[in-house]
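So the sequence lines, in the order shown, correspond to chains C and Y. Remember, the numbering used here sits 9 above the position in the first sequence when you count from 1. Remember, the numbering used here sits 1293 above the position in the second sequence when you count from 1.
Just so you know, these hints were derived from the structure itself, not from any lab. A quick note: this is a predicted structure, and the numbers were derived from the prediction, not measured. Treat the hints with care, as some may be off.
For lysine-lysine, the following DSSO-like pairs were computed, each having C-alpha atoms within a straight-line distance of at most 27 angstroms [said to hold, decoys possible]: (1) C:194 x C:169; (2) C:84 x C:32; (3) Y:1395 x C:232; (4) C:156 x C:129; (5) C:262 x C:224; (6) C:32 x Y:1307; (7) C:326 x C:169; (8) C:326 x C:224; (9) C:32 x Y:1317.
Partial selection, computed: residues in chain Y whose CB lies under 10 angstroms from chain C [to be verified]: (10) 1319; (11) 1339; (12) 1348; (13) 1365.
For each residue, glycine too, the CB sits at the ideal point set by N, CA and C.
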Amino acid sequence: MPNEYNGRLLIVDDDRQTCAFWKLALSELGFLVDLAHNLDEMKDFVSRYSIDAVLLDLNLGHENGLDGLPYLVSKSPLSKVFVLTAHASLETAIWALQNGATGYITKDTAPDDIAAQINKHTQVPDNLPMDLGGGEFARVGMIGNSKAFQELCQRLQQLKNVDSTILLLGESGTGKEVIARSLHKISNRSNERFEAINCAAIPENLLESELFGHKRGAFTDAKVDRKGILELCSNGTLLFDEIGDMPLSLQAKLLRVLQERVVTPVGSATPIKIQTRVIAATHRDLIEEVQSGRFREDLYYRLSVVPLYIPPLRHRKEDIPLLVESFINEFNQRFNRGITMPAESVMRRLIAYDWPGNIRELRNAIERAVVLTQNDHIRVEDLFQHLHLPNNTPKKNTSNQSNASPPMSSPLSNASAALHNEPNRSSSSREADIDEKIFQLPLTEAKQAFEKIYLESLLNDTGGNISETSKRAGRYRADIYRLLERYDLHVDEFR
Amino acid sequence: MADMIIDPIYSLYKDQPIYRDLLKDFVECLDERLVLSSKALEGQDWKDLSRLMHQLKGAAATYGFPGLAALAGIIELDSATESIEEAKIRASFQEVALTCKKIEAGMAQLLED
């Protein structure tokens, strides 16, 4: 009989027989094991699922496994990466440790020992210190002490043993997956499976089979019966990440699952009862998606039994020092460095910045700084290097900012700053400003930047009249209030 | 010939029934691996030979055959150097082939028991 569930593993090795052995051995030891035979397959898995640990072979035939390491470290930061090596390549394995891998495993290691090594790094220790704020939540990876964070923890405490569907709402990078995981870990389902599926990353034709499973012969490639992820997690928790991107055809089927608590595998007529706790997450405005016909209204109401809003980092800036400390510790360990906490002046900059990419952006900035800094302390330039684009420099530099200093506000607020400063400009000059700045940003941030500028512009024109603003925007008043909250805009400032 | 096989070689996992089918598959495929490697050797495709031996080394270590893994590792390194010593590689390859025969014999005996 398999042991208790230990997590989801991805094995990346080009030898199919080696993979088959590890899959059997580690499945017996309680892991859900996926296999990838090259780096493209690996990237595919990492984008679709939440993987607890990756066993990455150094030599993938015509590819170098180490080339996949930076991708794993940046795209799947919660995954622990173990380099698989035969005995002759220990030096390379050590190099891998210095570049983000958690450990290395030689291929002659017995499966029990491999499982123990993985568990040592992926399981939550019982005796973790509680000084990171959040008490019980610090133990499961949530860090903070601010009022917004405490309120969030309080809600999670109330919800931990309730089976109702929870909808996590928040901007990209606010840590929705970490929160879903934490909720599972503190719940009475903690010994059962937690799985996360990225609805945006799985092709529509595969998603149905992934969710509901299939019977042998149901379609060309269905060689054997396969359980779907909903059934596999029957007593555990399943996170539907990016639920707003789920195809409409599957939304109807998911609705039925949530209503009736049964799944019917593809090609089967027999429904299977499940008790899966469902958490859904999205960075999209689901009401907007409903209004535009891209998301079913009935599913929205079914999912949003308990909506939980995850505050953006700019609304919990008091947590930044704790988060910085935690990330520095993590990356010191990962990259074998001894970087100290930033000086007070650097920390002030960190707190002043808006972090439009939220905790993910902060984490990436710290990682970059820990890797790049030449000394044992982090400089401002190491942290904000990605923002040193000529057009990102605010138009009005304060006298104490040197040319090399980073902007103190986000690209998003920079983009909107000009409009704010010059409220009577013509629409053509607004367009010029948008052209000039927004095209420097990634798409998500560009959309947000435009949305904020658009809203500010309407509020300027209407003198802060919400009814008129909502009429001109063709949206409900509630939507406008939500956008005001999202972009931290105060209607009084436009009156 | 049976009289050529002196010492059957067993997997370190021979006493664990759950691995029996996989071990059988692995041993059955040894011949295929040897044929591919032999082609690379005859064609003096040292890069491919090194790659195939690397795969065999990893798989053999995984399946509990450390001796075969070590021998494959020697050929992997020898065929990846600048100055190839073909005679040495051929001799090592013979050893690998013989070890595979011993492993097949061990597997046959295991299945009989």
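Structure-based check of each hint:
| no. | hint | in the structure |
| --- | --- | --- |
| 1 | C:194 x C:169 | holds (9 angstroms) |
| 2 | C:84 x C:32 | holds (24 angstroms) |
| 3 | Y:1395 x C:232 | violated (35 angstroms) |
| 4 | C:156 x C:129 | violated (33 angstroms) |
| 5 | C:262 x C:224 | holds (17 angstroms) |
| 6 | C:32 x Y:1307 | holds (18 angstroms) |
| 7 | C:326 x C:169 | holds (26 angstroms) |
| 8 | C:326 x C:224 | violated (51 angstroms) |
| 9 | C:32 x Y:1317 | holds (16 angstroms) |
| 10 | 1319 | holds (5 angstroms) |
| 11 | 1339 | violated (15 angstroms) |
| 12 | 1348 | holds (5 angstroms) |
| 13 | 1365 | holds (9 angstroms) |
Checked against the numbered hints above, the structure violates hints 3, 4, 8, 11; every other hint is satisfied.
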